[in-house]
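Engineer: Listed below, chain by chain, are the residues.
Protein chains: 2
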Amino acid sequence: MTKENPIGVFDSGLGGLTVLKQLIKLMPHEDFIYLGDTAGVPYGTRSKETVTKFAFEDANFLLDKKVKCIVIACNTASALAGNALKKKLGVPIFDVITPAIDEARKISKTGKIGVIGTRGTIESGAYKVSYSQSCPLFVPFIEEDEIDTPALKLIAKKYLDPFKKKKIDTLIMGCTHYPIIQNIIESEVDYRVKLIDPGKAAAKQVYEYLKVNSMLNSQNLVGKSTYFVTDFTERFTRMAEIFLGQKLQDKITKVDL
Amino acid sequence: MTKENPIGVFDSGLGGLTVLKQLIKLMPHEDFIYLGDTAGVPYGTRSKETVTKFAFEDANFLLDKKVKCIVIACNTASALAGNALKKKLGVPIFDVITPAIDEARKISKTGKIGVIGTRGTIESGAYKVSYSQSCPLFVPFIEEDEIDTPALKLIAKKYLDPFKKKKIDTLIMGCTHYPIIQNIIESEVDYRVKLIDPGKAAAKQVYEYLKVNSMLNSQNLVGKSTYFVTDFTERFTRMAEIFLGQKLQDKITKVDL
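Chains as they are written, first to last, in numbering that gives the first Met the number 0: chain A, 0 to 256; chain B, 0 to 256.
One should not assume that every hint holds.
No distinction is drawn between identical chains; accordingly, a pair holds when it is met within one copy or between any pair of copies.
As a list, the in silico DMTMM-like pairs of lysine to aspartate or glutamate whose alpha-carbon atoms are at most 20 Å apart [as the list claims (entries may be wrong)]:
#1 Lys157 x Asp147
#2 Lys105 x Glu187
#3 Lys86 x Glu145
#4 Lys52 x Asp255
#5 Lys127 x Glu56
#6 Lys47 x Glu233
#7 Lys156 x Asp144
#8 Lys250 x Glu48
#9 Lys164 x Asp147
#10 Lys253 x Glu48
#11 Lys2 x Asp63
#12 Lys163 x Glu185
#13 Lys250 x Glu56
#14 Lys52 x Glu233
#15 Lys87 x Asp189
#16 Lys86 x Asp63
#17 Lys156 x Glu145
#18 Lys87 x Asp249
#19 Lys156 x Glu143
#20 Lys164 x Asp189
#21 Lys157 x Glu187
#22 Lys203 x Asp30
#23 Lys250 x Asp196
#24 Lys67 x Asp101
Simulated from the structure, these hints should not be mistaken for laboratory data.
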């Protein structure tokens, strides 16, 4: 393994591209291999057993591609399978949860930190913070491009109102999709509440680790991203570009795991 | 194969239990084996290739259990994989689409028939009727028990308003979940529009076929239903009972396909 090897990133679907976006921003000279398990999505409603099985299949695909490390760009997989992957696999594994908690603790003044996520993430208890709330309908709304509608606002109000009474000062957006509706979330919690994007926090942690361990890619060129999915439909390219916040560099390739 | 063998029923998840409910109602002396592919749910947003692969895995599981026929209790699987299954498998295969169309044509006076379903079902064009509309958020709302809320009404209004102008007189609820929110659907289309539940239509067709071919179970006892899923979480028993409209007769068993 050399420092020129790519960084592997996997997610249950396309939401993890919001994490890839942050990784590219911080490490433009790295090559990335992204795998979205779109035949297995969503992980957020599945059991620990099934999510762990899927996560190992995802990680093994990336290892076959000779990645130098793996970023679990999915909160549910981080919560339910992160420890198992770290124990069993031979490359450094980064999850999105640990860095988000570290960042929230650094920023919070009152220590009253909240987290929102899928049912799987929240029920796992992996985010050890004061207050939590699962928001299971946010992902379907975002995937259906219902991102600025009265119906979404009603749902957001229902999910987020309880945080007002709790007087949190920091809220972790514990699902890769949520940064897409950050403005809706901000408008439903007190405007002074600071929002944490785990993708950003994870990117910083990966960068620091690679730097300290002399594993950063030293190529002068801007790196290349390659995208794989386990199921492909026509809508994916457009959805992927929304999450990534830019045009895809390459076609999406469908693979069987 | 004897007429005492069970009837196999499969769906992408638990929604197909609304079809099982109709089958049991019409054929109380039959034994049923139900498989919900809850590790693969939802089928409605996946490609034809992936849905076909999953549907064959589901059907083969049922064949191993010696079923005398198979009911595809999932509109998306019926639409995308129904023909392939009918060609390749050695037992009678019933889908939920053909009987629903027959029923709608029988009932409609104007021939203006509409259908609502998942994106996969609608885009397949399998329902050859005048007007169609995909309603991708209905399934997540129903699975989250958001079945009588202002947000669902807003979404229903958006999806169903176009049918008013089309002046349809019959609407097929082309997804197993939709009968659960039949009252919301009725309130958003003209009240004179007749709603078709494909589960009911399919149950009638299966009954007629088994009767004509002397394949009805002649046991005097009330039949038994056995439930299998590919992923299990705690919420499933409650959800299953909502779809089935009664207490489960047996525990749900998790299997790997």
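Engineer: Go through the copies and call it for lysine 52 and glutamate 233: within, between, both or neither, with a Cα cutoff of 20 Å.
Structural biologist: between (27 Å within a copy, 18 Å between copies)
Engineer: Should lysine 164 paired with aspartate 147 be assigned to within, between, both, or neither, using CA atoms and 20 Å as the limit?
Structural biologist: For lysine 164 and aspartate 147, neither the intra-copy (25 Å) nor the inter-copy (26 Å) Cα distance is at most 20 Å.
Engineer: Taking 20 Å as the upper bound on the Cα-Cα distance, should lysine 253 and glutamate 48 be classified as within, between, both, or neither?
Structural biologist: between (25 Å within a copy, 11 Å between copies)
Engineer: How would you classify lysine 52 and aspartate 255 at a CA-CA limit of 20 Å: within, between, both, or neither?
Structural biologist: Close inside one copy (15 Å) and across copies (11 Å); limit 20 Å.
Engineer: I want to check one pair: lysine 67 and aspartate 101. Are their C-alpha atoms no more than 20 Å apart within a copy, between two copies, both, or neither?
Structural biologist: So lysine 67 and aspartate 101 fail the 20 Å test inside a copy (24 Å) and across (58 Å) alike.
Engineer: Could you place lysine 250 and aspartate 196 in one of the four classes (within, between, both, neither) given a Cα distance threshold of 20 Å?
Structural biologist: For lysine 250 and aspartate 196, neither the intra-copy (27 Å) nor the inter-copy (41 Å) Cα distance is at most 20 Å.
Engineer: Have a look at lysine 156 and glutamate 145 and pick one of within, between, both or neither, based on CA distance no larger than 20 Å.
Structural biologist: Intra 15 Å, inter 14 Å, cutoff 20 Å: intra and inter.
Engineer: When no copy is specified for lysine 86 and glutamate 145, does a C-alpha distance of 20 Å or less occur within a copy, between copies, both, or neither?
Structural biologist: neither (39 Å within a copy, 39 Å between copies)
Engineer: When no copy is named, should lysine 250 and glutamate 48 be tagged within, between, both, or neither for a Cα gap of at most 20 Å?
Structural biologist: Classified as between; 19 Å across copies, 32 Å inside a copy.
Engineer: One pair to classify: lysine 2 and aspartate 63, alpha carbons no more than 20 Å apart. Within, between, both, or neither?
Structural biologist: within (16 Å within a copy, 50 Å between copies)
Engineer: Evaluate lysine 47 and glutamate 233 at a C-alpha cut-off of 20 Å and name the case that applies: within, between, both or neither.
Structural biologist: between (30 Å within a copy, 12 Å between copies)
Engineer: Could you figure out if lysine 105 and glutamate 187 sit no more than 20 Å apart (CA to CA) within one copy, between two copies, both or neither?
Structural biologist: Classified as neither; 23 Å inside a copy, 50 Å across copies.
In the structure shown, a violation is registered for the earlier hints numbered 2, 3, 5, 9, 13, 15, 18, 23, 24, in ascending order.
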